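Could you build the full structure based on these sequences and the hints that come with them?
These are the residues of each chain, in order.
4 protein chains.
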Amino acid sequence: MRFFSDNAAAAHPAVLDAIAASNRLDTAYDGDEWSAKLDAAFSDLFETQVRALWVTTGTAANCLALAALCPPHGGIVCHRDAHIENDEAGAPGFYTNGAKLILVDGPGAKVAPDAVTGAIDRIRKDVHQVQARALSITNATEYGLAYTAADVAALGETAKRHALRVHMDGARFANAIVATGASPADVTWRAGVDALSFGFVKNGGLNAEALILFDTGLADEVLVRRKRAGHLLSKGRMLAAQILALLEGDLWLANARAANAAARSLAKAAGDRLVYPVEANEVFLRVSADEAAALRAQGFDFYDWGVGEMRLVTSWDQDAEAVDKLAAAIASL
Amino acid sequence: MRFFSDNAAAAHPAVLDAIAASNRLDTAYDGDEWSAKLDAAFSDLFETQVRALWVTTGTAANCLALAALCPPHGGIVCHRDAHIENDEAGAPGFYTNGAKLILVDGPGAKVAPDAVTGAIDRIRKDVHQVQARALSITNATEYGLAYTAADVAALGETAKRHALRVHMDGARFANAIVATGASPADVTWRAGVDALSFGFVKNGGLNAEALILFDTGLADEVLVRRKRAGHLLSKGRMLAAQILALLEGDLWLANARAANAAARSLAKAAGDRLVYPVEANEVFLRVSADEAAALRAQGFDFYDWGVGEMRLVTSWDQDAEAVDKLAAAIASL
Amino acid sequence: MRFFSDNAAAAHPAVLDAIAASNRLDTAYDGDEWSAKLDAAFSDLFETQVRALWVTTGTAANCLALAALCPPHGGIVCHRDAHIENDEAGAPGFYTNGAKLILVDGPGAKVAPDAVTGAIDRIRKDVHQVQARALSITNATEYGLAYTAADVAALGETAKRHALRVHMDGARFANAIVATGASPADVTWRAGVDALSFGFVKNGGLNAEALILFDTGLADEVLVRRKRAGHLLSKGRMLAAQILALLEGDLWLANARAANAAARSLAKAAGDRLVYPVEANEVFLRVSADEAAALRAQGFDFYDWGVGEMRLVTSWDQDAEAVDKLAAAIASL
Amino acid sequence: MRFFSDNAAAAHPAVLDAIAASNRLDTAYDGDEWSAKLDAAFSDLFETQVRALWVTTGTAANCLALAALCPPHGGIVCHRDAHIENDEAGAPGFYTNGAKLILVDGPGAKVAPDAVTGAIDRIRKDVHQVQARALSITNATEYGLAYTAADVAALGETAKRHALRVHMDGARFANAIVATGASPADVTWRAGVDALSFGFVKNGGLNAEALILFDTGLADEVLVRRKRAGHLLSKGRMLAAQILALLEGDLWLANARAANAAARSLAKAAGDRLVYPVEANEVFLRVSADEAAALRAQGFDFYDWGVGEMRLVTSWDQDAEAVDKLAAAIASL
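Chains as they are written, first to last, in our numbering: chain F, 504 to 836; chain U, 504 to 836; chain L, 504 to 836; chain C, 504 to 836.
Hints in this document: simulated from the structure, not taken from any laboratory. Some hints could be false.
Because identical chains cannot be distinguished in the list, a pair is counted as satisfied if it fits within a single copy or across any two copies.
Unchecked claim - Derived SDA-like pairs: lysine to any residue, alpha-carbon spacing no greater than 20 Å straight-line:
no.	residue 1	residue 2
1	Lys628	Asp807
2	Lys828	Ala764
3	Lys828	Arg505
4	Lys828	Ser768
5	Lys628	Ala825
6	Lys663	Ala652
7	Lys663	Arg627
8	Lys663	Arg625
9	Lys628	Gly534
10	Lys628	Val810
11	Lys628	Ala666
12	Lys540	Leu777
13	Lys540	Leu747
14	Lys628	Leu721
15	Lys828	Ala796
16	Lys628	Asp584
17	Lys628	Gly720
18	Lys628	Phe507
19	Lys628	Asn589
20	Lys540	Glu751
21	Lys771	Arg814
22	Lys628	Gly809
23	Lys628	Arg583
24	Lys628	Asp753
The structure displayed is predicted, hence computed values, not measured ones.
This is how it looks when you write it as structure tokens:
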């Protein structure tokens with residue numbers, strides 16, 4: 504019974520069906536009829552004109568966005584625990600040609616306006632120090648916290664004051680939307696977000712993510728950068744088809760709801776073992792080594808998170824019975 | 504009746520089946536059981552120990568290889584018509600951090616040893632000029648010519664004499680192997696090739712290519728670079744499964760045989776209109792604008808190739824009836 | 504008697520005096536009183552408001568300009584024989600983070616508008632090919648030809664039509680100005696030039712070149728890039744002082760006049776051996792190997808230029824007697 | 504009476520004399536007789552065969568070394584207060600093509616072996632996290648502390664254990680040598696240092712620094728990188744001559760002794776106001792805003808260092824009378 508990742512879960516059957524349905528000759532790259540529908544589909548969802556590009560990984564989506572928002576000699580403010588800082592092998596440095604990540608702290612990997620202002624204030628305004636040009640936040644955060652529309656709007660204001668462009672890493676955007684009930688528009692462009700990495704792979708997709716550009720003026724450059732990074736697949740229609748299948752009938756929301764609900768069940772059982780409030784689909788628990796071993800002995804698979812903590816991640820297809828069993832096992836620790 | 508690309512053809516049904524069969528939770532990235540089989544599968548095929556990595560595009564495979572073979576301040580000798588020079592949006596410059604492509608000429612986009620030596624000889628051996636560090640050839644070439652094992656061995660000798668590492672862009676490697684009957688080993692590492700981009704997408708794959716490292720010492724670095732470029736997909740098992748399905752029972756060879764045969768049929772009909780000998784699955788013809796229009800009027804779709812030429816590309820699933828019709832139409836021009 | 508370089512000539516005594524005069528504590532970097540005068544001095548010279556920065560090499564000046572004028576994914580049109588292509592060790596690739604040099608031909612390393620248009624027309628306007636974003640010309644060219652104001656204006660028009668920014672490598676700008684009698688303004692910004700590498704080192708300076716930004720909006724970025732490239736010297740006053748000394752009383756023009764005059768003397772003696780018209784301070788001659796050897800035997804030092812040609816470069820301090828001797832020796836070959 | 508920088512001090516008269524003496528035509532770049540002497544001069548000083556290159560700034564020396572010691576996808580462990588992290592505008596990111604600085608803490612900007620080990624231990628050994636490949640320390644540190652030979656040897660051991668190459672930023676190497684009495688060899692290559700930025704500009708030079716490669720195998724690559732970065736000056740003899748003049752008769756040590764002595768005088772007067780022990784030529788004092796204002800009112804010029812601290816830097820030519828006056832003024836605060 505595996506609780507270690509939404510990343511490696513199966514793709515939703517509707518996604519495989521969509522791939523099969525698009526498996527016939529069409530124009531290569533993104534010249535096909537499926538890819539052509541993405542802008543409209545996401546413009547509907549976000550209630551404004553956007554440009555939407557498929558890519559195959561969150562790292563590619565994040566770094567293409569950052570490269571468009573920050574020059575090589577600029578800095579990107581982000582949380583010390585952000586995926587772009589810790590888990591992308593320095594990809595931001597590669598894509599931006601050497602921009603600097605300027606790290607801030609905050610509980611649950613959440614960035615607060617004061618933290619941004621503090622970071623900016625510590626930079627001397629001369630050519631010897633790297634000046635911040637962008638802000639990147641993760642929603643839901645690496646610890647499963649979701650930003651409300653008001654949270655993001657406050658950051659957007661701060662960013663504007665310091666002339667920072669804003670990127671949102673939405674690897675778990677669906678889970679965040681379900682958690683807060685915010686409208687996709689309110690938590691992004693209306694709050695000052697310029698570009699969003701909209702994750703589908705952790706939420707039922709096979710290998711398609713979407714990069715949403717609210718600043719549509721960035722699109723021409725990003726399209727070139729995508730090709731230049733080797734991310735323009737020749738049969739792109741089968742990526743677009745995945746995304747359209749997940750948007751269809753709000754399947755993306757249904758999937759995220761299932762994952763979040765499973766996490767909530769586990770959280771309820773965990774009580775005051777919780778390290779962070781459980782808002783999306785991640786559960787961090789305080790456990791002793793013996794307790795962790797006891798859970799593993801019962802067939803549960805998960806990551807240790809440093810000393811004395813464990814991480815559970817639920818996915819769209821989390822087996823309900825397994826969740827119940829784990830909840831019971833946690834409760835009886 | 505479309506003859507403009509193998510790139511945008513459908514994926515083979517066995518490939519979709521393999522994706523479906525691997526669509527269950529396993530370890531993320533390349534920690535799964537399918538990915539784990541690639542090294543062995545390709546080591547068998549190449550009769551030596553290799554390291555094999557999946558990526559999603561030929562551009563990524565090419566440029567990851569080039570970045571491992573050439574430092575930022577080095578040069579890569581390649582043909583003026585090479586894909587890396589003309590059709591990858593400068594991706595080699597991005598991946599290598601600014602290495603220089605040193606262009607040579609040669610009929611049919613084929614590189615000859617003398618051309619390489621000539622290019623090297625023109626470079627002053629000082630710090631003011633970029634020194635060549637690698638050679639990249641395309642097999643089959645952009646104009647559908649295949650290198651024999653002897654061709655490559657002669658280049659390998661030349662490369663060795665000038666201390667150049669050797670990369671082969673094998674976007675149509677299958678077609679080349681079928682064309683020459685060379686063993687995969689003879690035309691690559693036995694002839695001095697260090698790294699091969701082994702294409703599957705043009706030959707029945709959906710979105711999986713293989714990067715084969717004959718110099719296995721490069722693997723650790725390339726694995727990091729792949730992640731850093733955003734090309735480490737979380738559900739990599741569904742890429743590995745595609746490749747394994749195409750290797751299974753030599754399906755890759757069967758697919759290439761079908762494409763090459765279709766091209767040969769067209770070539771036979773074309774007679775002395777042929778611009779280049781037809782060895783793989785591309786056919787370049789001399790046609791007037793009126794002739795091209797006439798073919799289009801009969802429902803045939805293809806690319807013009809500059810003034811007075813047209814390009815036909817056949818694929819693994821080329822409709823036999825359409826091939827016959829086009830052959831007849833060409834013959835009766 | 505050395506005729507192989509203006510690059511390695513001595514610095515003018517006035518330059519050493521200026522260094523000595525500025526050798527006292529002042530604000531570091533470019534915060535000193537000498538550096539502060541550069542903008543005004545060059546704005547006077549160019550009859551418009553410019554920003555002027557000292558750097559220590561022409562390569563740095565060229566590449567800082569190119570990086571500001573062309574994005575990493577863009578292309579820079581230049582002559583096949585341009586210094587940035589042949590003699591800067593790939594520095595443009597480093598500074599621009601991988602932009603592509605798009606090479607054109609033309610006699611005497613001079614770029615003509617048609618050549619630019621031809622190069623642009625050969626580029627497919629899609630994301631697969633690198634799109635040109637800048638034009639770089641060298642004045643005087645690598646073969647000693649000078650652009651007239653009309654020449655540059657025609658190129659500027661062409662550049663504008665194709666949305667190319669324009670850079671002029673003026674390593675021998677002084678010699679070009681003397682050759683054509685053009686006003687510095689007419690041959691640069693009035694003709695569409697955005698940035699000029701204004702060379703002093705080949706013309707009596709020790710180690711100071713000026714980068715002139717006619718598009719003053721580029722200055723903030725270029726100032727940061729200069730620091731980031733390690734080109735912000737702490738005692739910058741001693742670079743600014745060199746430049747001011749050479750501008751003072753038009754010493755830069757006097758120096759260039761002397762060098763050009765020496766070249767003209769040699770050209771007169773050379774008659775129809777001349778490969779190119781001699782406009783600035785370089786003289787290319789057709790000579791046999793025996794003739795070259797005979798000149799060397801008489802104590803003249805110069806570069807062979809491929810087979811059957813030699814290159815003479817004169818400098819501001821060229822010994823008049825040596826020039827006469829060489830002229831006589833050439834005439835009597 | 505200025506105490507804010509050694510960076511902007513005058514050059515030593517012997518340095519200007521050396522420039523004047525080398526001001527005659529010789530081979531360009533580093534082909535001249537002065538440049539040719541550097542390897543031998545530094546090999547003598549360091550009691551082993553080294554390669555020594557002139558550059559014009561410490562940033563260039565540091566970053567050329569780092570680029571040779573760390574691949575683009577690697578990390579460089581350094582102190583949070585290191586110059587490469589704080590005061591080089593992201594130049595390490597530019598030169599290394601995006602390597603990551605991995606920051607550690609330690610009093611007085613000094614790096615301890617445990618801090619290095621701690622940083623390495625926090626990195627997961629997988630492709631998702633940037634792996635450390637180099638260590639960079641500053642001697643004397645940004646707060647004026649000097650590493651003993653034993654300090655460096657302990658770090659060298661630690662670095663070796665983790666396969667890190669070692670760079671020393673010796674912008675104030677002379678002051679450190681004088682402070683500890685260590686032999687240049689003991690505190691560098693014998694302790695495991697691979698490359699040293701040997702500063703001269705803060706110690707009487709005009710615009711020449713030396714990059715010392717103890718791993719002489721790096722030289723060929725660094726020579727190319729220097730050119731590629733625009734740091735190969737055409738009249739390099741006038742940089743080499745500066746360095747030789749400062750090495751001559753141990754002028755570099757005499758200069759550093761003078762600066763350190765001035766700092767010691769100030770330190771003595773400062774008593775328990777000192778923030779760090781004064782070992783080299785920097786003095787950090789705790790002062791109230793009123794006290795700082797009082798000193799300024801008496802004509803002393805210096806930097807505030809955050810709130811409640813001030814920084815004094817002494818130079819080789821510090822006026823003795825001014826030092827006495829400032830010492831008295833501090834004592835009587």
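Now the hints, each set against the structure:
1. Lys628 / Asp807: between (42 Å within a copy, 16 Å between copies)
2. Lys828 / Ala764: within (15 Å within a copy, 59 Å between copies)
3. Lys828 / Arg505: within (12 Å within a copy, 55 Å between copies)
4. Lys828 / Ser768: Classified as within; 11 Å inside a copy, 64 Å across copies.
5. Lys628 / Ala825: neither (55 Å within a copy, 31 Å between copies)
6. Lys663 / Ala652: So Lys663 and Ala652 pass the 20 Å test inside one copy only (16 Å; across, 44 Å).
7. Lys663 / Arg627: Only inside one copy: Lys663 and Arg627 sit 19 Å apart there, 36 Å across copies, limit 20 Å.
8. Lys663 / Arg625: within (18 Å within a copy, 35 Å between copies)
9. Lys628 / Gly534: Answer is between; shortest inter-copy Cα gap is 14 Å, intra-copy 45 Å.
10. Lys628 / Val810: between (40 Å within a copy, 17 Å between copies)
11. Lys628 / Ala666: within (13 Å within a copy, 33 Å between copies)
12. Lys540 / Leu777: neither (42 Å within a copy, 40 Å between copies)
13. Lys540 / Leu747: The answer is within: 8 Å in one copy meets 20 Å, while 32 Å across copies does not.
14. Lys628 / Leu721: Between copies, since 18 Å is at most 20 Å while 27 Å is not.
15. Lys828 / Ala796: within (16 Å within a copy, 69 Å between copies)
16. Lys628 / Asp584: between (26 Å within a copy, 17 Å between copies)
17. Lys628 / Gly720: between (28 Å within a copy, 18 Å between copies)
18. Lys628 / Phe507: Intra 44 Å, inter 19 Å, cutoff 20 Å: inter-copy only.
19. Lys628 / Asn589: Only across copies: Lys628 and Asn589 sit 12 Å apart there, 27 Å inside one copy, limit 20 Å.
20. Lys540 / Glu751: within (12 Å within a copy, 36 Å between copies)
21. Lys771 / Arg814: Within. Shortest intra-copy distance 15 Å satisfies the 20 Å Cα cut-off; inter-copy 56 Å does not.
22. Lys628 / Gly809: Only across copies: Lys628 and Gly809 sit 15 Å apart there, 38 Å inside one copy, limit 20 Å.
23. Lys628 / Arg583: Close across copies (19 Å), not inside one copy (23 Å); limit 20 Å.
24. Lys628 / Asp753: neither (47 Å within a copy, 37 Å between copies)
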